[in-house]
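So you can see what is in the structure, the chains are spelled out below.
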Amino acid sequence: MAEPEISKLEQTAKELRRKILNLIFQAGSGHPGGSLSATDILTALYFGGILQYDSKNPSDPKRDRFILSKGHASALMYCVLAGAGYFPDEKLKDYRKIDSELFLSGHPHPKTPGVEIASGSLGQGLSVGHGMALAARVDNLDYNVYVVLGDGEIQEGQIWEAAMSAVKFNSNNLIAILDNNKVAQDNITEDLKDLEPLEEKWNAFGWDTYRIDGHNMREVMDILRLPLHATKPRMIIADTIKGKGISFMEGQTAWHGVAPSEEDLQKALKELE
Amino acid sequence: MKDGATRDGYGAALVELGHSDANVVVLDSGVSDSTRTKKFGQEFPDRFFNMGISEADMMCTAAGLARTGKVAFATSFACFLLGRTMDQILVSIAYSNSNVKIAGTHSGLAVGEDGPSAQMIVDLAYTRAMPNMTVIQPADWEEAVQATKALVKHAGPAYLRLGRPKLKGIYDSSYEFEIGKANVIRKGSDLVVFATGGLVQESLQAAESLQNESISVTVVNVSTIKPLDQALILEETRKHGAVVTAEDHNIIGGLGDAVRHALTDHQIAVPIQSVAVKDHFAETGSGAQLYEKYGLSANHVVRNIKEVLAKKKS
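For the protein sequence lines, the chains are A and D, in the order given.
Take any residue in the first sequence, note its place counting from 1, add 153, and you have its number in the working numbering.
Take any residue in the second sequence, note its place counting from 1, add 1, and you have its number in the working numbering.
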C-alpha cells in the first residue's frame with residue numbers, strides 16, 4: 154500500500170477520534186479509552202478496503218461480517234458506521250439518548266444498520282463470529298468474519314471454548330483482532346489477571362497468530378491484507394494504548410468509562426489537530 | 002398414537018426437516034446420542050456442529066448461524082444447557098432476537114437416578130422470564146415432532162423442553178399443533194387440570210381413576226407455556242370454577258405461576274392448587290419413585306383435585 158494511502162487512513166483515524174470524543178461528551182457518558190485504542194484497527198477494516206460491505210445494502214448475504222465483541226466501544230462503532238455510509242452523521246446525536254431512532258444504545262444492537270448482533274456482555278463475540286464463519290461454508294459463500302476483542306475480555310472462559318471450536322472446524326475465514334490495550338475497568342490487565350504469553354497461548358490453541366503494533370497503520374494494513382491461512386483461524390494480537398492519541402487519557406483506567414468535561418474535550422481536540 | 006419420548010420425536014423431526022429445509026442446522030454439545038441429534042448429524046454432516054462440552058460457545062455459535070438466516074437448533078441436556086448459558090441466551094439470542102431454538106432434553110425429576118444436579122426444574126422460570134422467548138413443552142412423541150416442525154416456521158427464539166422417558170401417545174397424526182394453543186384432551190365438568198409435559202399423562206390417569214368416584218375432570222394440555230393460551234385458560238376456568246396445574250418443574254416460575262398470573266389479571270378467583278416440585282431439590286431414585294415421593298404422580302394429582310374440590314364446595 155502506497156504511502157499517501159496510509160497517511161490518508163491515518164487522517165481518517167484522527168478525524169474519527171475527534172468525532173468519538175465529541176460524541177461521548179455530548180452523550181455525557183460512554184467509554185473513550187477502549188474506543189480510542191481500537192480506532193486504527195476499525196479504520197483499516199472499514200476504510201482500508203479490507204471489509205467487503207455495501208452500506209446501502211446492509212443485509213447482503215455475501216458481505217463480510219464485523220463483530221465488535223467489546224461492545225462498550227460503541228462510540229467508535231457508530232462513528233465508523235456513519236462514516237461508512239450506514240446512516241448520516243446527524244443521527245449520531247441520538248447516541249445513548251432515549252427514543253433513539255436508530256437504537257444507538259450504549260452497547261450495539263442489530264436494530265442499528267451495520268450491527269450484526271447485540272453485545273455488551275463480554276466473551277460472546279468470538280463464538281458468534283464463528284457461527285457466521287460456519288454459515289459461510291454451509292451456504293458456499295466466501296465471506297470473512299472479523300471479530301474485535303478486548304484484552305480484558307479474553308479473561309472470559311468462553312473465548313477459549315470458541316478458540317478450540319474454530320480450530321476443530323478449520324474455520325480459516327474467522328479473523329480475530331485483539332485490541333490489547335492492557336487496561337481494563339478496574340486495573341491494568343496484567344494485575345487484574347495476566348494474559349501473557351499471548352502468542353504462545355493462541356499458537357498452542359492452533360491459531361495462525363501474529364503480533365503487531367495496533368497503531369502503526371502500515372503494519373495493521375499489511376497484516377489484514379495477508380491471504381487466509383489454508384486451515385487455521387487467525388489471531389492478530391494488536392498491541393495498543395488505551396485512550397490512544399490523548400496524552401492525559403493514555404494508559405489510564407480512569408478513562409475507561411467516563412465522559413470528558415468540556416475543558417478536557419477542548420484539550421483533547423487540540424491534541425488531535 | 003405412538004408411544005415414545007419427546008426427545009425421540011425431536012430427533013425424528015430434525016431428520017425430516019433436514020430433508021425438507023436446507024436452512025435447518027443443528028448443534029449439540031457432546032451428548033448427541035442421548036439428545037437424539039446424532040441421526041441428523043449422520044445424514045447431514047455439513048449442517049451438524051458438535052461443539053464439544055462448551056454450551057456457552059454453542060449458544061453463541063448458534064446465534065451467529067441464525068443471524069445469517071439459518072434456523073439453528075442448539076441442543077443438550079436441559080441441566081447443562083440452560084443455567085450456565087443464561088447470559089449468552091439473554092444477549093446473543095433473546096435481546097438480539099436471533100432465530101435459535103434451544104432444545105433441552107432430560108428435563109425435570111423424570112430424569113431420575115442421576116440426581117438433582119441432572120434434574121432441571123428451573124428452566125421454565127429461566128426462559129419464561131426472557132423477552133422475545135417462546136416456551137414449549139410437548140406432551141408426547143407426536144406433539145414433539147409437530148412442535149419441532151412448527152418452530153422452524155416460527156421466526157424468533159424459543160425454548161423446547163423435552164424429556165427422557167417414554168410417554169404414552171396422546172395424539173395421532175391428525176392432531177394439528179399450533180404454537181400458543183392449549184387443547185382440551187379430556188372433557189369433564191367439576192374441575193379443570195392445566196398440565197404440561199409428562200404431567201399430562203399423570204393428569205389423564207388421575208382423571209380416569211376419579212371417574213369411579215363420580216368426579217368429572219377436564220384435562221388441558223398446555224404445551225405452549227409462553228405465550229400462554231389465555232383465552233382457553235380463562236374460559237375453562239370460568240366453566241369449572243376449580244383449577245389444578247401440573248408440571249414437572251419447581252413451583253416457582255413455571256406453568257402454575259403463568260396460570261395464576263393470567264387468572265389474577267382477569268380478576269378470576271377460584272380454588273387453585275399446583276402439582277409441582279415444592280421449592281426444594283429432590284434426590285436420586287427412579288423417575289416413578291421421585292414422582293411419588295415429591296408429589297408429581299397421578300396419585301398426587303388425585304389428591305390435589307380432591308382438595309380443590311373440597312374448597313370449591315365450602
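To be clear, the hints were calculated from the coordinates, so they are not data collected in a lab.
Remember, predicted model here, so these are calculated numbers, not experimental data.
Each hint should be verified, as a subset may be incorrect.
To be verified - A few chain A residues facing chain D, derived, Cβ under 8 Å:
hint, residue
1, Pro-241
2, Gly-259
3, Pro-263
4, Pro-266
5, Glu-269
6, Ile-270
7, Ser-280
8, Gly-282
9, His-283
10, Met-285
11, Val-291
12, Glu-314
13, Ala-315
14, Val-320
15, Leu-379
Said to hold, decoys possible - A short list of chain D residues far from chain A (calculated; beta carbon distances all over 10 Å):
hint, residue
16, Ala-63
17, Arg-129
18, Gly-170
Even glycine gets a Cβ: it sits at the ideal position worked out from N, Cα and C.
Cross-check of the supplied hints:
Here the hint on Pro-241 (chain A) is broken, as its CB sits about 25 Å from the closest CB of chain D, past 8 Å. Hint on Gly-259 (chain A) is violated. Least Cβ distance to chain D is approximately 13 Å, over the 8 Å limit. Here the hint on Pro-263 (chain A) is kept, as its CB sits about 6 Å from the closest CB of chain D, short of 8 Å. Because the closest C-beta pair between Pro-266 (chain A) and chain D is about 14 Å apart, greater than 8 Å, the hint is violated.
Against a cut-off of 8 Å between C-beta atoms, the interface hint on Glu-269 (chain A) holds, since the closest Cβ of chain D lies about 6 Å away. For Ile-270 (chain A), the suggested interface contact is upheld, since its CB lies about 5 Å from the closest CB of chain D, less than 8 Å. Interface restraint check: Ser-280 (chain A) against chain D, minimum CB-CB distance 3 Å, threshold 8 Å, status holds. A distance limit of 8 Å between C-beta atoms decides the matter here; for Gly-282 (chain A) the minimum to chain D is near 6 Å, and the interface restraint holds.
Here the hint on His-283 (chain A) is kept, as its CB sits about 5 Å from the closest CB of chain D, short of 8 Å. Taking 8 Å as the C-beta contact cut-off toward chain D, the hint placing Met-285 (chain A) at the interface holds, the least distance being around 4 Å. Because the closest C-beta pair between Val-291 (chain A) and chain D is about 6 Å apart, less than 8 Å, the hint holds. Interface hint status for Glu-314 (chain A): upheld, as the beta-carbon distance to the closest one in chain D is roughly 4 Å, under 8 Å.
Annotation: Ala-315 (chain A) was flagged as interfacial toward chain D, and the flag holds, the nearest CB pair being 5 Å apart, inside 8 Å. Given the 8 Å rule on beta carbons, the hint for Val-320 (chain A) is violated: about 11 Å separates it from the nearest Cβ of chain D. Because the smallest distance between the Cβ of Leu-379 (chain A) and any Cβ of chain D comes to about 23 Å, over 8 Å, the interface hint for this residue is violated. Chain A draws Ala-63 (chain D) into its interface by the beta-carbon criterion, the shortest separation being 6 Å against a cut-off of 10 Å.
No Cβ of chain A approaches the Cβ of Arg-129 (chain D) within 10 Å, the least distance being about 20 Å, so the stated non-interface status holds. Consistency note on Gly-170 (chain D): stated as away from chain A, and its beta-carbon is indeed over 10 Å from all of that chain's, at 35 Å minimum.
Consistency note: the structure conflicts with the earlier hints numbered 1, 2, 4, 14, 15 and 16.
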